[in-house]
Amino acid sequence: MEISTMLKTLQDPMGIPFYPIVFQVLMVLTFALHIMFVNFTIGTTFLSLYGYLKGGEFWGRLSKSMVKATTANISMAMLLGVAPLLFVQVVYDPFWYASNALSGAWVIGFIFIMMAAYGLTYVFYLKKDSQRGKGFALTGITALGLFLLAGLIMHALNYQALQPDKWLGWYMKGNAVNTSGTSLQAFQLPRFLHFIIPSFAMTGIFLMLYAWYFQKREDMDQGYLDRVGVIGAKMAFLFTALQAVIGFWWLLSLPGEFNFISNPIFMSGAGLGLVLLALLYKAQNAPLKYAVPAVTGAFLTILGMSYAREALRMKYAGRFGYSIFDYKLNIDWGSTVLFLGTFVMGLIIIAYLLSIAYKSGRTAGLYDATPLMHKWGRASIVLLLMWIVIVAGLGIIISVRNYL
Amino acid sequence: MYPIWEVPNLTAGIILAVIATFHILPSHLSTSAMWFNVYIETKAYKEDKPELLEFIRKYSLLLLVFAYVTGSLSGIGIWYAATVANPRGISGLIHNYVWGWATEWVFFIIEVTGILMVVIVGILAFMLSPGKWIETGNFFDGFFNKTYWSQLLVRTTLMFAIAAVYAIAAAARLKNEEVRKFIIKTASKWGLAGLLLGGTAFFWYLKTIPAAGQELIQTFAPQGLKTGIIASFVLLLFYFIYANLKPLTIRLVTAVLAIAVLFAGIWSTERMREIIRKPYVISQYMYSNQIIGNDIASKNVTSETNLINQKGILAVSPFVPEPLRVVNDANMIEAGKLIARIECLSCHTLDKSGLRPMPQMVERRGFTDAEEMKVFLEGLDGYAYMPPFMGKKKKKNALANYLVSLNR
Ligand code: HEM
Numbered sequence: 001m002e003i004s005t006m007l008k009t010l011q012d013p014m015g016i017p018f019y020p021i022v023f024q025v026l027m028v029l030t031f032a033l034h035i036m037f038v039n040f041t042i043g044t045t046f047l048s049l050y051g052y053l054k055g056g057e058f059w060g061r062l063s064k065s066m067v068k069a070t071t072a073n074i075s076m077a078m079l080l081g082v083a084p085l086l087f088v089q090v091v092y093d094p095f096w097y098a099s100n101a102l103s104g105a106w107v108i109g110f111i112f113i114m115m116a117a118y119g120l121t122y123v124f125y126l127k128k129d130s131q132r133g134k135g136f137a138l139t140g141i142t143a144l145g146l147f148l149l150a151g152l153i154m155h156a157l158n159y160q161a162l163q164p165d166k167w168l169g170w171y172m173k174g175n176a177v178n179t180s181g182t183s184l185q186a187f188q189l190p191r192f193l194h195f196i197i198p199s200f201a202m203t204g205i206f207l208m209l210y211a212w213y214f215q216k217r218e219d220m221d222q223g224y225l226d227r228v229g230v231i232g233a234k235m236a237f238l239f240t241a242l243q244a245v246i247g248f249w250w251l252l253s254l255p256g257e258f259n260f261i262s263n264p265i266f267m268s269g270a271g272l273g274l275v276l277l278a279l280l281y282k283a284q285n286a287p288l289k290y291a292v293p294a295v296t297g298a299f300l301t302i303l304g305m306s307y308a309r310e311a312l313r314m315k316y317a318g319r320f321g322y323s324i325f326d327y328k329l330n331i332d333w334g335s336t337v338l339f340l341g342t343f344v345m346g347l348i349i350i351a352y353l354l355s356i357a358y359k360s361g362r363t364a365g366l367y368d369a370t371p372l373m374h375k376w377g378r379a380s381i382v383l384l385l386m387w388i389v390i391v392a393g394l395g396i397i398i399s400v401r402n403y404l
Numbered sequence: 001m002y003p004i005w006e007v008p009n010l011t012a013g014i015i016l017a018v019i020a021t022f023h024i025l026p027s028h029l030s031t032s033a034m035w036f037n038v039y040i041e042t043k044a045y046k047e048d049k050p051e052l053l054e055f056i057r058k059y060s061l062l063l064l065v066f067a068y069v070t071g072s073l074s075g076i077g078i079w080y081a082a083t084v085a086n087p088r089g090i091s092g093l094i095h096n097y098v099w100g101w102a103t104e105w106v107f108f109i110i111e112v113t114g115i116l117m118v119v120i121v122g123i124l125a126f127m128l129s130p131g132k133w134i135e136t137g138n139f140f141d142g143f144f145n146k147t148y149w150s151q152l153l154v155r156t157t158l159m160f161a162i163a164a165v166y167a168i169a170a171a172a173r174l175k176n177e178e179v180r181k182f183i184i185k186t187a188s189k190w191g192l193a194g195l196l197l198g199g200t201a202f203f204w205y206l207k208t209i210p211a212a213g214q215e216l217i218q219t220f221a222p223q224g225l226k227t228g229i230i231a232s233f234v235l236l237l238f239y240f241i242y243a244n245l246k247p248l249t250i251r252l253v254t255a256v257l258a259i260a261v262l263f264a265g266i267w268s269t270e271r272m273r274e275i276i277r278k279p280y281v282i283s284q285y286m287y288s289n290q291i292i293g294n295d296i297a298s299k300n301v302t303s304e305t306n307l308i309n310q311k312g313i314l315a316v317s318p319f320v321p322e323p324l325r326v327v328n329d330a331n332m333i334e335a336g337k338l339i340a341r342i343e344c345l346s347c348h349t350l351d352k353s354g355l356r357p358m359p360q361m362v363e364r365r366g367f368t369d370a371e372e373m374k375v376f377l378e379g380l381d382g383y384a385y386m387p388p389f390m391g392k393k394k395k396k397n398a399l400a401n402y403l404v405s406l407n408r
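Taken in order, these protein sequences are the chains called A and B.
Note that my numbering numbers the first sequence so that position 118 is 118, with each residue one more than the last.
Note that my numbering numbers the second sequence so that position 257 is 257, with each residue one more than the last.
Calculated from the structure, these hints are not laboratory results.
In this text, all values refer to a predicted model and were calculated from it rather than measured experimentally.
Virtual Cβ for every residue (Gly too), placed ideally from N, Cα, C.
Careful, some of the hints might be misleading.
[Claimed, not checked] If you anchor each label on the Cβ, the simulated ranges turn out as follows:
| id | chain 1 | residue 1 | chain 2 | residue 2 | range |
| --- | --- | --- | --- | --- | --- |
| 1 | A | P20 | B | G366 | 52 to 62 Å |
| 2 | A | I396 | B | Y45 | 33 to 43 Å |
| 3 | B | V112 | A | M115 | 17 to 27 Å |
| 4 | B | F203 | A | I396 | 19 to 29 Å |
| 5 | A | S4 | B | F263 | 39 to 49 Å |
| 6 | B | S353 | A | L138 | 36 to 46 Å |
| 7 | B | F263 | A | G60 | 41 to 51 Å |
| 8 | A | G393 | B | T254 | 41 to 51 Å |
| 9 | A | L126 | B | V112 | 22 to 32 Å |
So that you can see chain A by itself, here it is in the shape it has in the complex (with noise of 0.2 Å):
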């Protein structure tokens, strides 16, 4: 069978209730977050081994702060992943079923290794103090280990389903199929390093951020601090400059024919990679005072890159004449205003959520809520109720209607 029209006889015949820019734009923003909790948590992760292992007292504390965000990290990462798991289904159906369906016994196994490396993350959270002893460090060093292989496994998923060439080839055993799962069959080393590396980056941006934030609380040691912001700044210029020969590795690695250099939204994320870079480097001598236009550099670079690597897969499935852009459309306009409706309900809550959380963790006693504030929170439960109202309104309505 042509590989297009098998592309073609795999996607859903039901076709995607609204336009597909609109699932690119929600996949590519949602990924980005995503991947930028994910190189906090392998960062963090890191950070709170190796200062555990390292010792003393200013190792100590860092550490300590460290492994607890991470359990944070952690559950953002997962939260976050969600959401490019539910839209790349719906455009890219038949590159990530059959990539996943390949490696099925991978794909099961994922769920028990992140349940794993979760857990064992807890354990070291929970009882560092208690069990002092290197050997304890074993189970952050395999928490470690474990958050690596799921991000393998992402990758291998991800670098299979962009070859359906090869789909079929993967899939036989002689002349009959071998229906096991058990193999990944593609990796990419420049391209896994790429999402990888930047963990050290970010995590270096992370501590800038960690000393802005804190050195506003009269109840923290500012020489610690202080010291946090350099190490962080260091780390987040380094590890920046890696990330930019890995990616020019991984240019070099692409198909020819994709001439992959000249292409508009890879030029831009490639851009603003150099911009943050300089950014950094200017950042060596005032880390705090570079903390928030570093992280804001930084999400835009993540953004543009994760808009490249968008660009790239349309390069990859363009070889076999597929373009999400041609997906059969069964407009929904209900459910399509259903959720974006909820989307901005959810906008206004978490800004709420985010500004309390934000101004409380800076005050070091009690933290008092403004009057604004306050209206705001009473606004987003009189949001909720309405929905709630809403909804279950419309529910009462369509029953009564098609069943009375």
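Chain A is already provided as a structure; the job is to place chain B with the ligand on it using the hints.
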């Protein structure tokens, strides 16, 4: 048709069922336990009983680590398992309900877990009873279907019984006897209320199930599952009553046993839900073996059965080795096995043991002759729970030969 993932002696579907059953415990727990905590906390402040807060701390940690972590990961696990067990099934759901899931995701992010159930039940109920959606293709017609409200009520009431079982387990090891007694007594009341309301709602739910499903329950559902549902219900009922009368005698072992009973009950109801959907994965649209069996005109989707009957299953499926596309004497058994994997594997393992093993099925009917087997295949959809055999004559012949080869 995507590549097939086969789990020897088990089937991928069973992996999915185990993860899904497991997921129900922590996910329902994280919602209902919140209410329980709020209740105990208010009591602690109102009646000035700080020792109650000790319990909350313990229970909350259990909740955090157990319910939150395993709950969200096993939730993703269901999705991953569905992806490899039945990719076209999950794809069909996603292409209709992507905005529903995305809405659910927003509530996840803002941590309003109470709403999650309201959304996901719509999609689950849709698989069982798509109702007017079959004609209109409309999101909300499928969502607010005949079993939506009854399932929502069953799940929201029973989740308090789940929270109670856990609360008792968490309290069983408290040192302070006063607190232990109070928590176990309170929890057992919550549990009883949840169980009784849930049990009542369950009868309503049974009534709302479509006629075909009702018939399957009566004629076909394994007695073991029915017994599992009733027995776990009765056992938990006695457990809560006993815990209420003699709270201090409950040990951790007893409490853990109660969790096992709960698990068995959930397992039975979930398997039952799947059985009454047979032969479909999405009722009246897609068969369990991922073949689209009916037109959905409003979405411009046509049934695939005609195409497969005209061209043959091995000709239209993408993931078929070229040498097997055309059946001949030499590749007959191999081709037959691939057809069985495509059309039958979702409900029968091809191994000697596991889920309704095909060798046992063939042996049970004593088929040894390919001609006889072919006649059986022609009448396959005479069984209410099986889809028809789809494919051309040659393919039927190959499948029949493969099947009788299992009975040697
Ligand atoms: C610590 C654990 C994790 C790590 C290290 C990790 C790492 C990665 C990496 C490196 C990629 C890019 C692969 C590539 O394009 O080559 C990726 C993509 C992805 N990850 Fe994760 N991930 C983790 C957890 C998760 C979880 C729990 C989910 C599901 C909820 C998830 C969902 C996704 C999805 C859907 C994509 C692909 C998005 C797309 O194709 O646009 N990840 N992840």
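Here's how the hints hold up against the structure:
Distance hint check for P20/A and G366/B: the Cβ-Cβ separation is about 54 Å, which falls inside the suggested range of 52 to 62 Å. I396/A and Y45/B have their C-beta atoms about 37 Å apart, which keeps the hinted 33 to 43 Å range intact. Look at V112/B against M115/A: about 24 Å separates their beta carbons, and that is inside 17 to 27 Å. Separated by about 22 Å at the C-beta atoms, F203/B and I396/A satisfy the suggested range of 19 to 29 Å.
For S4/A paired with F263/B, a C-beta distance near 47 Å keeps the hint of 39 to 49 Å intact. For the pair S353/B and L138/A, the beta carbons lie near 39 Å from each other, so the given range of 36 to 46 Å is met. A hinted range of 41 to 51 Å for the beta carbons of F263/B and G60/A is consistent with their spacing of about 42 Å. At roughly 45 Å, the beta-carbon separation of G393/A and T254/B lies within the given 41 to 51 Å, and the hint holds.
Between L126/A and V112/B, the C-beta spacing of about 27 Å keeps the proposed range 22 to 32 Å intact.
Going down the numbered hints, you'll see the structure goes against none, and every one checks out.
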